[in-house]
Amino acid sequence: MREVVLPVVNTVAAWRREARALAAAGVPPEAVLWSVGQGTRDLFADGAGGPDGTGALPRTPEYFRQEEGGGGIRVSKTALDTIESALCHSDPERFARGYRLVLRLSRGAVAWGDRSDADMLTVLRHAKAVGRDIHKMHAFVRFREVPTEGARRAFAAWFEPEHPCVERGTPFFARRFGDMDWVIATPGVTARFEAGRLRFEETRAEMRPPEDATEELWRTYYASIFNPARVMVKAMCAEMPKKYWKNLPEAELIPDLVRGAEARVRGMAETAPAETAAPRVDKVRARTAALLAEAAPEDALGHLRRDLSACARCGICARATAPVPGEGPAGAPLMIVGEQPGDHEDLAGRPFVGPAGAVFDEAARAAGLDRGAAYITNAVKGFKYAPRGKRRIHQRPDAGEVTRCRWWLDLERDLVRPRLILAMGSTALASLTGSGQGILSRRGRAETLADGTPVLPAVHPAYLLRLPDRAQAAAERARFEADVARAVALARAAA
Amino acid sequence: MAKRTLAEKLSILSDAAKYDASCASSGGDRRDARDGKGLGSSGGSGICHAYAPDGRCISLLKILMTNFCIYDCAYCINRASSRVERARFSVEEVVNLTVEFYRRNYIEGLFLSSGIIRSPDDTMADMVRIARTLREQERFRGYIHLKTIPAASQELLDEAGRWADRLSINVEMPTERSLSEYAPEKSASGIRKAMADVRLRREASREGPSHRGKRPARFAPAGQSTQVIVGADASSDRTILTQSSTLYASYGLSRVYYSAFSPIPDPAKALPLKPPPLVREHRLYQADWLLRFYGFGVEEIGGASGMLDLEVDPKTAWALEHRERFPVDVNRASREELLRVPGFGTKTVGRLLSARRRGLVRYEHLKAMGAVMKKAQPFISAGGWSPRGLLDDARLRARFAPQPEQMALF
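Sequence lines, in order, name chains D and H. For the first sequence, this note's numbering assigns the number 1 to the initial residue and increments by one for each residue that follows. For the second sequence, this note's numbering assigns the number 496 to the initial residue and increments by one for each residue that follows.
Keep in mind that the hints were calculated from the coordinates and are not lab data. Just so you know, not all the hints are guaranteed correct.
[Said to hold, decoys possible] If you want a taste of the chain D side facing chain H, the calculated C-beta under 10 Å gives, among others:
#, residue
1, Met180
2, Met268
3, Ala289
A virtual CB, placed ideally from N, CA and C, is assigned to each residue, including glycine.
Just chain H, same shape as in the assembly (with noise of 0.2 Å):
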């Protein structure tokens, strides 16, 4: 094989790295370079430096360390029986890359992934140390996320926590059945074995009390996070969110990424045909909010079949099955009341719950306060406004489903 150039190699394994959805580059430590010794700042809001025609953001530098790989997961471009081009970056080629296109202002960080060559240990020690050297060596200060490999030793965990600012593993499935089935060399115990290390480790590393009054995690202090494929087996969302509330009661995850299933060049025959609907993705998104930060349990998500509703959001959709519970009085209900209107984002019910005591809310500073009117309206009552019959109207679904196309009269 001839020698590729470093072009070459980052075209190969920038593709390779395209399918991990995370690109988050905020949270944890504030490190700046203030002092003119070294280079990168982190810790506040993640900036997105630009946006790919996918719609995705670009905030890190995506790459594999290599895309040789020793396990061969059906649903991965990089498995040991693809037919895909391979290349190896050098230690020293990520770190160059890494510190030029952020001296450039391309990108907020390294997020550095890797097929697995040799032994799970080799490959987890080369990326520690591309992270090290990026720590020590280059004084970079930017954001590390570093993906971990489940069977490398509790050494090198140590080591990756301590130079990352965020550890992630990836789920891959949403039972523990998929994932033998797709991915054999893989174990859902492992994987959450691995969730549990990184848990206990950073609460182990947290010392002494913030200004802020909350400690620290030394280690991977912008947490751990994990993704799932949507679509490469038949799992419902409410298993796929069943799982997601597991984890992130279980190992205080940030984030749960889904991944909706997407066509690979080089296919295994184990894969569906057909990739599922993007908006499944979304969809997905705003339940996994809604579990979150809004109070819902999983068993309230979805209908009969588990699955969510394609065409309205998870919210609407619940609000149109529990009608009863409408019209919410928005001078009067309480915080989690207000969290379950269509169009009421968390910061309009903290604005809400702050103007209500400064006087009677009307139905037009709803607006202002950043509600979005056309969805709240048939659910709520305000000063000077009822939705009368509109909440029992057979047709309100229709008002947020998208409308049926009519086929062109010819």
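Here chain D stands alone, though its shape is the one from the complex (with noise of 0.2 Å):
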């Protein structure tokens, strides 16, 4: 039998040693006996620290992997993490059972994961117990400044994890308060963190640092974060168990915190709403409604605008972000009009931002269009959608949606009276025309609306979009400019 007594300090890379030396000597983990060292550290102070030798123990995956490849032992760095996060356990098997576990990965005799060989659900487990406990020790641990000579100010605590895991635990400190000193005391090991360099020693005694004041503002903000109304002592206790309680500052107001809960509530309950409110709240009313009160339109298509940002015609709106209004000068000689706004022209509340929009703004700068002196505007000015997941999937409106959203397109028409108005998409030319059928056969060729306004119909640039093939893509594309151009030529004529 070969007894190994691994150092308090730097255990896990004592032990990752000592496995490699075992196993390529060949030893069969029964023959081992593994146990951790009280105050026998010298038998290995050759090796008892990190690279340097100092007990400085940088725990970087460089380090893993220089020492990795030298023994008979070869498993994956996942492997290897978890099993060294399961020796910060406390069970004192825990050595033994590493050893046989990174013996037998190393045969193929298991598979990294199978939770249905006992010894991988031991370590597994015994991970997570491990991981828990450093991440508590992450959350409770609870400094208190210190006097200092030096130019960084300094601060101490005294915690108790279940688990041996402090060197393991510790570095998150050190990436989190780089610029204090620090110093982390537990019952095995001390963390030091002195001008940006972590060290650990064996601790020699208790040592609780001295409370400090801003200790008393903490415990403050404690009780009054705490909602009487909803008392949920099992949930509290479940994330923070009482074993924690004995370092917390803040656990010793809990009893009187419960006590006193069901009393502010019905304290609550009886205070009968107020009849007589806050003074002058009558006046502040007023301000803040002459506050918000938005400044008047300047014109009649600001009208429309506000009219429409309150529109209940149909439900589309009341789940899209907001209607978005047509875009232009009244008296524009070309107006466009698309189905409904997509994705970003909702967010943005602009029409034909999105992917078509790019679409269209290409064909009209080929045309020689300019944008801005054209009316702009969608058949239907809310984006109607299917919630998917975090996405929005386009939904076509249906026809009584365009039928009770035509009142805007109508008004839009009556105010900017365009010479022209190209119709993109059959929806479009539905409102217009009143019907959108046959649109493949119609574009290109002007139709007259009862009002005597011409209608060039075209298909949408989503269409455009959405074509597989590139060939057919490419040459509707280019009937779509053809068509784009044409309504900016019959609107030049018109004027």
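Two chains, two frames, some hints: make the complex.
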């Protein structure tokens, strides 16, 4: 039987070294007796520290990798990291189990992550327990400021973790509190961070730093943020188990807070709603109303935009961000009507700014159209969609919705009085002419509305984006651009 | 009014802030202070530094800058007509409290909200100044969550997103109608527009792929969230969840928080006298998870009334109503089917699928994979297990619902 006594500080690194040596020597797991030494550190004086032998332990991945290749052990990085985490558990069997498992993993006798294997399951559970303990250490360490002569502020804490996980858990504090010196002392090992350097040593005695003034403010905060109307002591204790309470300054308040909660809630229930509100509230209300009142619109299109923003003629806009009004000057010779705003248009509150808008803009540029001189709008002003997780899937507005929204399109036509309307897509065409059928045969030839305004049908630019066949897409795009160019020319000619 | 001490202000302004449920401090930019030139780290999983006896975690210093407010929202303790005590922090006071609390490892960062004083722009400007001072003067690298004010200017929103990890705007009510009833100064479309603005700015700020191939947002890197008050108006759970699914789809929200309306001192007359059961809030969160991670649609959750079953969790309730889809064979079923089994979480399903590649999954393996077998048992078949008549048992629901308490014999 071999006896291996690991040091209190740097235990895991020593285990790794020993395990590698034992494996190389072909020592079977049942022939090794592992323990953590009490005051036997000098046995390992040659290698008890980090790479520089000082006890400093940079736990970087490079360090693992350097050590890995040598022995007869080959395990994945994840496996080694998890096993090493489980080695920070308090179970005395952990070193033997870890050695057994790395040997079996190297031989391929067990697959990593196979929870039907007893050793594997225990190691995974221990690693999880250690992870939780470390997480609780990150949460529940409470620093107190201590006097120092140095330039950096200094803080200290006494903490009692369930497992010996200080070395694994404290690099977090070095990353977080890099600009101050601190000490975290625990019953086994003490972590010291001074001038940017983290080191570990055996704890000689319990060291509780004296209370500092900020602690009282923290207790004030803790008591005030508690809502007495929803006491759930079990939920609190599940996440902040009582074993940690003795080192938490706020925990001493808990019994009184719980005891007093019921009376506080009763007090609130008995306070009838006030008949007299706070003094001067009417004045405040009036001033707020005046402050939030929007300026009156300057022109008729402005009025239309304001009225549209409150539209509830159909249910579409209640689920969209807001109705998207048309854009452009009154008296624009060319009016362009699309189907409905899409995801981008809805977010930006402007028509044709998404992918379909980009296709249109390109066609407009090619036709020499200044977008700002035309009036661009949609047959339906709200974005109709179905929510799918984090995305919105476009849905076609139905005939009723198109009809109800025509009210706004008619008002826009009345105010803008365009010489020609470019109707993009069947919804726009249906809204304007009463029928959206047969758009592919009707496009490019002007039709006349009841009031004499000519309408030029074209496909919707979004249609071009959906065509899978590249040759067809190119042909359709050329056709679309020709239609836009014709609309621009016709509108100019009519001017 | 006598000048208040810092402790008095802290007491008033944290008391006023406790009705905001959010305390998340996870996600976003990875930052730390390894260089020794700053304070704090963030970007990993969040840390809850303490728990109050109400079971809620304390992760951030959650305070109002001031609880003076010119708005008069019926559900809010700080509404203009409330007779609550008022206080106001200076910029320096908030900055110092945050830094000193952070150095003692009490908190992950700051969650700053505020009543609206003078005007939305004035208030937002002060809040932005606090965030900027923390970042620039104190080199604070911890987490900052700013509550944004929908009516504030675009420039202030831009700056808020530059300093803060997360921005949030509360929708407050499940419907537009309730909002205008309870919060006359707020506008539902104004709130939606502000959320749309945040999403557009986040998308515009994504530059260059990260090492994981995702492009991180520089603007509000931990995203945006919102909160809705449950039980103050008569909206059903389905109405509430429909709004949530709309918000998740539209504005890429990280979270929708549900806050069961809680009695407040000096309540307004418009409020109901009785708060909703807290379990309703819990069921809403469970349903929210089903929507986001388990492939459920809003229309599938909740019974004919549109309310969630308070006795049984929503997934079990769904399974009890759809017994024809069970038992699910754990060795054959698709991921989608497995995700609908009560007692199976996303992690369990992941482990199950990878274990299937190694061989037959037996009943006794499932517990080790993290399944809650008491729940899953009647709904699955596995190597060595069939539920037989269990699934059709009329008393199946009684297995999950809390036992009726027998009156004491006396």
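**Request:** Let me know if the C-beta of methionine 180/D comes in closer than 10 Å to any C-beta of chain H, holds or violated.
**Result:** With a closest approach of 7 Å, the methionine 180/D hint holds.
**Asked** Should the hint that alanine 289/D touches chain H count as held when the rule is a Cβ pair under 10 Å?
**Response** Holds. Min distance 8 Å.
**Interface hint for methionine 268/D, Cβ within 10 Å of any Cβ on chain H** = Holds - the Cβ of methionine 268/D comes within 10 Å of chain H, reaching about 5 Å at its closest.
Of the numbered hints listed earlier, not one is contradicted by the structure.
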